[in-house]
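*Asks:* Sequence:
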Amino acid sequence: MNQFGDLYSQYYDLLYSDKDYINEVEYIDGLIKNNTKTVQTLLDMGCGTGKHAELFCEKGYTVHGIDLSEDMLKIANQRKKEKEDKLEFSHSNIQELNLNKKFDVIVSLFHVMSYQNSNEQLIKAFEVAKNHLNNDGIFIFDFWYGPAVLRDLPTTRVKRLQNENIKVTRIAEPILNPQQNIVDVNYDVFIEDKLSNKIIEKKNYIK
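Here the sequence shown is numbered in UniProt numbering, starting from 1 and rising by one per residue.
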């Protein structure tokens, strides 16, 4: 199920405006160049609003981003502008993806693979990645490292950000299930209009 509604998706980039996308892409670009020969095409599985995909495109890759959230993809498509021949996006569940083409590199970033929270889902996601990779292609993804999570337990966090129009407050409360190696995170998101000082959206969801 898609957790991100239209309004929340509009302010997703504000909520993560402190995330260092540029250095992340620089680091991954280095990994790619150190582990492959000629690379031209890249698939971004779980691209969100397309920030990583856009930056990879600026690095010279031809990029195809896919995401489960159609609202996120509306924002991602705004990044195409003059990159129409080098950057495209489409809607799909990672586990059901079938683009009928292969890529030199696949990336899945910002804990997308951690959202595959059963062995069956994870294996299916790996199979999909394999089926979309060229020979000698590489798959790069990040994830929560279980022993580190158990050592440094997740805690409740509050994040507040704003722009000229709105204030966003997000409260994240983790629920750890060590027997299943799963952390459910309960999010309360409040979006306040700065002109009226009224809450224009209140959202609760679990990831």
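The set of hints was computed from the structure by calculation and includes no laboratory data. One should not assume that every hint holds.
Claimed, not checked - Simulated pairs of lysine-lysine, DSSO-like, Cα-Cα distance not exceeding 27 Å: (1) Lys33 with Lys159; (2) Lys202 with Lys102; (3) Lys59 with Lys102; (4) Lys159 with Lys86; (5) Lys59 with Lys101; (6) Lys102 with Lys86.
*Asks:* Now tell me if each hint is right for this structure.
*Replies:* Structure-based check of each hint:
1. Lys33 with Lys159: 35 Å, violated
2. Lys202 with Lys102: Not OK: lysine 202 and lysine 102 at ~41 Å, beyond 27 Å, violated.
3. Lys59 with Lys102: 19 Å, holds
4. Lys159 with Lys86: 34 Å, violated
5. Lys59 with Lys101: OK: lysine 59 and lysine 101 at ~21 Å, within 27 Å.
6. Lys102 with Lys86: This hinted pair holds, its Cα atoms lying about 15 Å apart.
Going through the hint list in order, the structure does not satisfy hints 1, 2 and 4.
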